[in-house]
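Protein chains in written order, with my numbering: chain A, 1 to 297; chain B, 1 to 427; chain C, 1 to 342.
No wet-lab data here; the hints were simulated from the structure.
All values reported here derive from a predicted model rather than from experimental measurement.
A portion of the hints provided could be inaccurate.
[To be verified] Interface residues of chain A toward chain C, partial, derived using beta-carbon atoms under 8 Å:
#1 Tyr43
#2 Ser50
#3 Arg124
#4 Val140
#5 Leu142
#6 Ile144
#7 Pro165
#8 Ala170
#9 Lys265
#10 Leu266
[Claimed, not checked] A few chain A residues that don't get close to chain C, going by computed Cβ distances all over 12 Å:
#11 Thr72
#12 Ser74
#13 Leu82
#14 Arg92
#15 Gly104
#16 Ala130
#17 Phe159
#18 Arg211
#19 Ile215
#20 His231
Using N, Cα and C, we set each Cβ at its ideal position, and we do this for glycine too.
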Amino acid sequence: MTGAVATARRSAVRRDRGPAWLRRSRSGTAVALTVLVILAVAYLYPFAISLATSLKSDAEAATDPLSLIPATPSTAAYTELLRNSDFPLWVRNSVIVTLAVTTGRVLFDSMAGYALARLRFPGRSLVFAALVAIMAVPGVVLLIPRFLVINSLGIYNSFAALILPLLADAAGIFIMRNFFMSVPLGVEEAARIDGAGPFRVFWSVVLPMARPALITIVVLSFQGSWNELSHFIVASDRPELQTLTKGVAQLTAGALSQGTQYPLKLAAAVIMSIPVAVLFIVFQRRITSTQDGAIKG
Amino acid sequence: MNQHTTPVRRAARSRRRRAGAAGAAAAITLGLAACSGGTGFTEETPSGGDDGVDDGTVTVLIGSSGAAETESVEAAVAAWSDESGTPAEVLVAADLTQQLSQGFAAAEPPDVFYLSSDQFAGYADNGSLHPYLDQVPQADEFYSSLLRSFTYGGTTYCAPKDFSTLALVINTDYWDAAGLTDADLPTTWAELRKVATTLTTDDHVGLSFAPEWQRIGAFMAAAGGTLTSRDNAAATVDSAENLEALTYVRDLLAAGVAAFPSSLNTGWGGEALGSGNAAMVIEGNWVVGAMTADFPDVRYRVVELPQGPGGPGTLQFTNCWGVAAGTDTEAAVDLVTTLVSPDQQLAFADAYGVMPSVSTAGEQWAAAHPDQAAFLAGADYAHGFPSAPGASAVLADFNAQLEGLPDADPAAILASVQVDLQAVLGG
Amino acid sequence: MAQRTGRRSVTRQGVAGWVFLTPAVVILGLFLVVPIAMAFWVSISDWRGIGNPMTGSAQFVGATNYTELLGGDGLATKDFGRAMRNNVYYVLAVVPLQTILALTLAVLVHRRVDAGRGFFRSAFYFPSVTSSVAITVVFLFLFSATGATNRLLAVLGVEGPNWFADPRGVVHLFLGAIGVRAPYESGPLLLGLSWWNWISGPSVAMCVFIVLAVFTTSGTFMLLFLAALQHLPGEVEEAAVVDGATPWQRLRRITVPMLRPTLFTVITLGLIGTWQMFDQVYTGTGGTPGKTTLTPAYLSYQVSFEQQEWGRGAAIAFLLFAIIVACTLVGRRLLGEREDPR
Numbered sequence: 001m002t003g004a005v006a007t008a009r010r011s012a013v014r015r016d017r018g019p020a021w022l023r024r025s026r027s028g029t030a031v032a033l034t035v036l037v038i039l040a041v042a043y044l045y046p047f048a049i050s051l052a053t054s055l056k057s058d059a060e061a062a063t064d065p066l067s068l069i070p071a072t073p074s075t076a077a078y079t080e081l082l083r084n085s086d087f088p089l090w091v092r093n094s095v096i097v098t099l100a101v102t103t104g105r106v107l108f109d110s111m112a113g114y115a116l117a118r119l120r121f122p123g124r125s126l127v128f129a130a131l132v133a134i135m136a137v138p139g140v141v142l143l144i145p146r147f148l149v150i151n152s153l154g155i156y157n158s159f160a161a162l163i164l165p166l167l168a169d170a171a172g173i174f175i176m177r178n179f180f181m182s183v184p185l186g187v188e189e190a191a192r193i194d195g196a197g198p199f200r201v202f203w204s205v206v207l208p209m210a211r212p213a214l215i216t217i218v219v220l221s222f223q224g225s226w227n228e229l230s231h232f233i234v235a236s237d238r239p240e241l242q243t244l245t246k247g248v249a250q251l252t253a254g255a256l257s258q259g260t261q262y263p264l265k266l267a268a269a270v271i272m273s274i275p276v277a278v279l280f281i282v283f284q285r286r287i288t289s290t291q292d293g294a295i296k297g
Numbered sequence: 001m002n003q004h005t006t007p008v009r010r011a012a013r014s015r016r017r018r019a020g021a022a023g024a025a026a027a028i029t030l031g032l033a034a035c036s037g038g039t040g041f042t043e044e045t046p047s048g049g050d051d052g053v054d055d056g057t058v059t060v061l062i063g064s065s066g067a068a069e070t071e072s073v074e075a076a077v078a079a080w081s082d083e084s085g086t087p088a089e090v091l092v093a094a095d096l097t098q099q100l101s102q103g104f105a106a107a108e109p110p111d112v113f114y115l116s117s118d119q120f121a122g123y124a125d126n127g128s129l130h131p132y133l134d135q136v137p138q139a140d141e142f143y144s145s146l147l148r149s150f151t152y153g154g155t156t157y158c159a160p161k162d163f164s165t166l167a168l169v170i171n172t173d174y175w176d177a178a179g180l181t182d183a184d185l186p187t188t189w190a191e192l193r194k195v196a197t198t199l200t201t202d203d204h205v206g207l208s209f210a211p212e213w214q215r216i217g218a219f220m221a222a223a224g225g226t227l228t229s230r231d232n233a234a235a236t237v238d239s240a241e242n243l244e245a246l247t248y249v250r251d252l253l254a255a256g257v258a259a260f261p262s263s264l265n266t267g268w269g270g271e272a273l274g275s276g277n278a279a280m281v282i283e284g285n286w287v288v289g290a291m292t293a294d295f296p297d298v299r300y301r302v303v304e305l306p307q308g309p310g311g312p313g314t315l316q317f318t319n320c321w322g323v324a325a326g327t328d329t330e331a332a333v334d335l336v337t338t339l340v341s342p343d344q345q346l347a348f349a350d351a352y353g354v355m356p357s358v359s360t361a362g363e364q365w366a367a368a369h370p371d372q373a374a375f376l377a378g379a380d381y382a383h384g385f386p387s388a389p390g391a392s393a394v395l396a397d398f399n400a401q402l403e404g405l406p407d408a409d410p411a412a413i414l415a416s417v418q419v420d421l422q423a424v425l426g427g
Numbered sequence: 001m002a003q004r005t006g007r008r009s010v011t012r013q014g015v016a017g018w019v020f021l022t023p024a025v026v027i028l029g030l031f032l033v034v035p036i037a038m039a040f041w042v043s044i045s046d047w048r049g050i051g052n053p054m055t056g057s058a059q060f061v062g063a064t065n066y067t068e069l070l071g072g073d074g075l076a077t078k079d080f081g082r083a084m085r086n087n088v089y090y091v092l093a094v095v096p097l098q099t100i101l102a103l104t105l106a107v108l109v110h111r112r113v114d115a116g117r118g119f120f121r122s123a124f125y126f127p128s129v130t131s132s133v134a135i136t137v138v139f140l141f142l143f144s145a146t147g148a149t150n151r152l153l154a155v156l157g158v159e160g161p162n163w164f165a166d167p168r169g170v171v172h173l174f175l176g177a178i179g180v181r182a183p184y185e186s187g188p189l190l191l192g193l194s195w196w197n198w199i200s201g202p203s204v205a206m207c208v209f210i211v212l213a214v215f216t217t218s219g220t221f222m223l224l225f226l227a228a229l230q231h232l233p234g235e236v237e238e239a240a241v242v243d244g245a246t247p248w249q250r251l252r253r254i255t256v257p258m259l260r261p262t263l264f265t266v267i268t269l270g271l272i273g274t275w276q277m278f279d280q281v282y283t284g285t286g287g288t289p290g291k292t293t294l295t296p297a298y299l300s301y302q303v304s305f306e307q308q309e310w311g312r313g314a315a316i317a318f319l320l321f322a323i324i325v326a327c328t329l330v331g332r333r334l335l336g337e338r339e340d341p342r
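Model the full assembly from the supplied sequences, consistent with the hints where possible.
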């Protein structure tokens with residue numbers, strides 16, 4: 001991949017004139033804009049309607065499912081969820097798991113990525129090859145295997161079972177490795193010449209430098225563990241270890257009951273979307289360019 | 001199998017359709033409210049949750065139809081706990097089938113649990129269950145048809161918790177509005193079709209029942225059909241009687257005088273009745289509690305299902321109190337003995353509408369619930385579910401095919417179920 | 001990165017390297033590699049969920065679990081066949097639709113050079129970051145019998161189906177509409193299903209999941225296309241403009257071919273993703289109606305965690321694994337062959 005500077009220059013050129021084939025007539029632009037607006041409405045409407053419906057009464061949700069403005073807004077669904085249910089417990093558990101997993105991944109992914117990119121030691125290429133192979137293992141295939149190993153370790157029905165298996169991920173290590181491969185060596189070398197050992201170099205020189213990549217890892221792990229479902233299903237069956245995704249999924253699965261309790265279920269969906277939405281808004285630029293880095297490698 | 005608690009307890013995915021208003025309400029309650037309702041786990045730190053089995057606490061896993069059931073089971077278990085000095089906790093399952101299976105596989109099963117008759121054989125077969133019936137003092141008072149549901153390989157493993165049957169539940173306002181009287185209560189299939197036609201308007205359909213054996217099977221029973229031979233050795237699904245029943249049901253659907261709850265935008269029969277989308281539904285005892293909780297203003301009455309060509313027929317559903325093999329079975333059996341005592345069962349029946357599993361409490365129940373006499377009357381001629389490991393999967397497949405009934409060939413459905421059930425029984 | 005800082009440093013690096021790697025290697029090994037080996041053993045055993053399968057509670061049964069799934073005529077085969085049929089239709093519908101939609105979105109968004117670009121990019125990407133559980137809940141509401149979708153259709157004079165309760169295949173419905181009736185009696189063709197079963201198409205309920213998948217994944221893939229569009233060299237196009245090529249010709253002859261590597265990446269990721277459909281089924285339907293939303297991933301869960309046939313469940317998981325690996329390899333080969341050296 002060419003350097004960032006070249007990319008920037010190229011897109012700057014692009015911005016000035018616009019790519020030739022994309023520059024069309026005014027009417028073409030108007031049509032394109034209309035299409036974009038229609039599509040954007042289609043993409044955002046489901047979220048708007050969830051929010052609106054969560055503020056309706058059951059009856060209104062059934063009789064007027066289209067309207068974006070509740071006739072008589074009511075927070076009854078939210079009160080029910082937060083006061084008379086285990087929902088707060090689910091939120092608490094999800095927060096605990098997500099924070100632990102995110103911290104773990106930031107630390108372990110960056111350590112492993114750094115070792116693979118910058119340190120020379122026997123077995124490195126073997127580990128790297130294994131990592132590439134592991135990345136190909138689809139998560140859904142791991143349902144039964146993870147359950148078996150969690151059992152064998154005797155950690156079934158514990159926070160350890162929810163958290164430990166998610167603490168490192170091959171993709172994250174890969175992203176960190178690629179980042180460390182792309183940064184210049186100078187600072188690190190200087191520190192090393194000053195007599196600092198690998199751990200000090202990593203902790204006080206490399207990590208602070210790796211902030212952009214670390215943010216990527218934070219965003220990906222937060223989103224990944226907050227939205228995780230299948231792992232939580234197999235890791236425990238105790239109500240006190242219930243997480244948001246599993247709780248809401250079972251709440252919904254209990255009834256394929258069209259027209260019933262939708263405000264409540266949608267309120268749950270809205271609340272569980274908020275942290276990710278906030279993360280998304282804060283790191284919007286990073287997130288939408290993350291995919292590029294992650295995939296290009 | 002599906003009890004009064006059906007809608008929720010078996011969030012069992014293959015039949016989730018029957019979960020409905022009560023289901024949703026109950027799911028919320030059990031997933032949410034019930035759990036905060038003092039089960040005790042919140043005080044317990046989850047890190048110690050690991051050894052729930054070994055610390056002497058008796059864990060009771062139930063699938064609940066709602067707050068009423070949860071609270072009464074909790075109260076009964078707490079009372080036993082106080083008296084015996086053994087700590088106990090009640091856990092309300094969000095999905096009982098899955099949680100039970102996962103608990104056993106993880107070697108952390110609950111000590112005492114609801115076990116439905118269709119799941120029973122699988123657990124008995126793989127050695128999960130502790131047979132304890134001989135230790136229960138009132139063992140000979142249980143209805144023998146219920147005990148048969150929990151007998152596998154010559155051993156009766158567990159005590160029936162209670163039972164329910166199906167009956168015809170009628171919205172009396174619609175009934176009166178259509179000019180029908182007591183003389184019109186259907187006693188034959190022809191009459192059922194006639195009143196269903198009379199009751200069908202633009203606004204609501206005459207009759208509704210879920211597309212599953214657990215409802216449609218009542219027609220098969222009334223036609224004289226069965227799923228297996230008396231000794232459970234051979235499948236008898238593809239009989240002329242069963243074909244007649246399915247054809248009758250299909251014709252009702254095709255004529256537009258009957259409809260599945262899902263096509264009425266409801267989750268189960270009780271909701272179809274309560275929301276006014278159906279004038280009559282085929283449901284069990286559990287409908288009473290759901291109507292009281294969710295649709296208190298709807299007037300209804302319960303009558304026996306009409307006789308078919310083979311005479312009267314209905315289905316019965318039951319759960320037993322399973323006790324896991326290898327855990328603290330002594331305390332568990334002691335708890336179950338308390339829970340199945342006639343007095344306790346009558347208390348449960350009052351709280352959430354089931355019928356006691358002991359004949360000695362039957363009369364008292366009938367006296368207390370004259371409006372539900374039809375359910376108890378059904379006990380005389382009700383069919384149960386054949387107990388064989390793997391049969392529940394066959395049943396799930398049967399139900400999946402029944403969902404397509406309006407368009408499907410009844411003979412083809414029965415033929416395929418016949419093959420699958422025979423494979424399970426023959427193995 | 002080949003630095004020469006002396007022998008001592010190399011040794012220290014060696015120790016440090018392994019220390020740095022240990023946490024990740026232990027976690028991935030313990031929760032990825034070891035479990036897969038254990039599950040493989042279970043898939044060739046008769047474990048029924050009682051006792052520890054590693055210490056004698058399970059007997060070796062060879063390939064029985066696999067042959068029951070692939071070669072039998074019982075319920076196990078039929079269920080696996082249904083799950084395969086459902087998922088094949090899902091893949092065939094979702095992968096092309098999401099790819100085309102993602103490319104369209106990318107081209108449209110790329111055209112915009114003003115502030116609107118960021119807004120549209122975010123709008124289209126937002127569904128991708130939201131939890132699949134939350135989105136499924138929303139879709140259950142939108143596609144309920146009298147939900148928003150059917151209200152909209154009613155405005156257009158169309159009576160919408162009862163989406164999540166309708167097990168009829170869309171091809172079956174189409175053939176019915178033009179007068180072709182389903183043959184009542186026909187023997188099994190493959191995996192216990194008749195040929196009519198195979199061609200009857202995704203059910204109406206599955207179609208909702210197809211829309212859901214396209215809705216949630218197109219944003220991610222749009223970002224990949226957008227990145228690729230930004231990296232397209234301008235010179236080639238300018239030359240084409242000089243040569244007098246029309247905009248459509250330039251898009252088709254120049255841009256799309258140059259996007260080919262990204263296209264293959266998107267298709268490969270799409271194939272891998274669509275074979276893993278689980279969350280939506282767990283949350284939304286549990287395989288209903290009529291088992292037409294059953295997928296191999298969900299079936300493997302159901303067979304082991306609900307029916308206690310752990311050996312068979314694990315076998316389904318490995319068959320699914322094989323399918324996904326095959327998709328990855330095909331994708332990689334295509335990518336390797338077609339990718340332009342950059």
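Just double-check Phe159(A) for me: nearest Cβ-Cβ distance to chain C has to come out over 12 Å. Holds, because the least Cβ-Cβ distance between Phe159(A) and chain C comes to about 15 Å, which exceeds 12 Å.
- Task: Confirm or reject the statement that Arg211(A) sits farther than 12 Å, beta carbon to beta carbon, from all of chain C.
- Result: holds, 19 Å
* Say whether it holds or is violated: Arg92(A) keeps its Cβ farther than 12 Å from all Cβ of chain C. => Its Cβ never comes within 12 Å of chain C, the nearest being 17 Å, so this holds.
Check your understanding: Under the criterion of a CB-CB separation shorter than 8 Å, is Tyr43(A) in contact with chain C as hinted?
Key -> Given a least distance of 5 Å, the restraint on Tyr43(A) holds.
request  = Identify whether the interface hint at Ile144(A) stands, where standing means a beta carbon of chain C within less than 8 Å of its own.
outcome  = It holds, given that the least Cβ distance between Ile144(A) and chain C is near 5 Å, below 8 Å.
Quick one, is the Ser50(A) hint okay against chain C at 8 Å, beta carbons? holds, 5 Å
Please check whether the beta-carbon of Ile215(A) is more than 12 Å away from every beta-carbon in chain C. At about 15 Å from chain C, Ile215(A) clears the 12 Å cut-off, so the statement holds.
Does Lys265(A) meet its interface restraint, that is, does its C-beta lie within less than 8 Å of any C-beta in chain C? holds, 5 Å
Over 12 Å from every CB of chain C: does Thr72(A) meet that, or does the non-interface label fail?
Holds: least Cβ distance 19 Å, greater than 12 Å.
Against chain C, with CB atoms and a cut of 8 Å, does the hint on Arg124(A) hold up? Holds, about 7 Å.
- Cβ separation check - His231(A) to all of chain C, threshold 12 Å: The claim breaks: His231(A) does not keep its Cβ more than 12 Å from every Cβ of chain C (closest is about 9 Å).
Quick one: work out the minimum CB distance from Ser74(A) to chain C and report holds if it exceeds 12 Å, violated otherwise.
-> About 17 Å separates Ser74(A) from the closest Cβ of chain C, which puts it past 12 Å; holds.
In the structure shown, a violation is registered for the earlier hints numbered 15, 16, 20, in ascending order.
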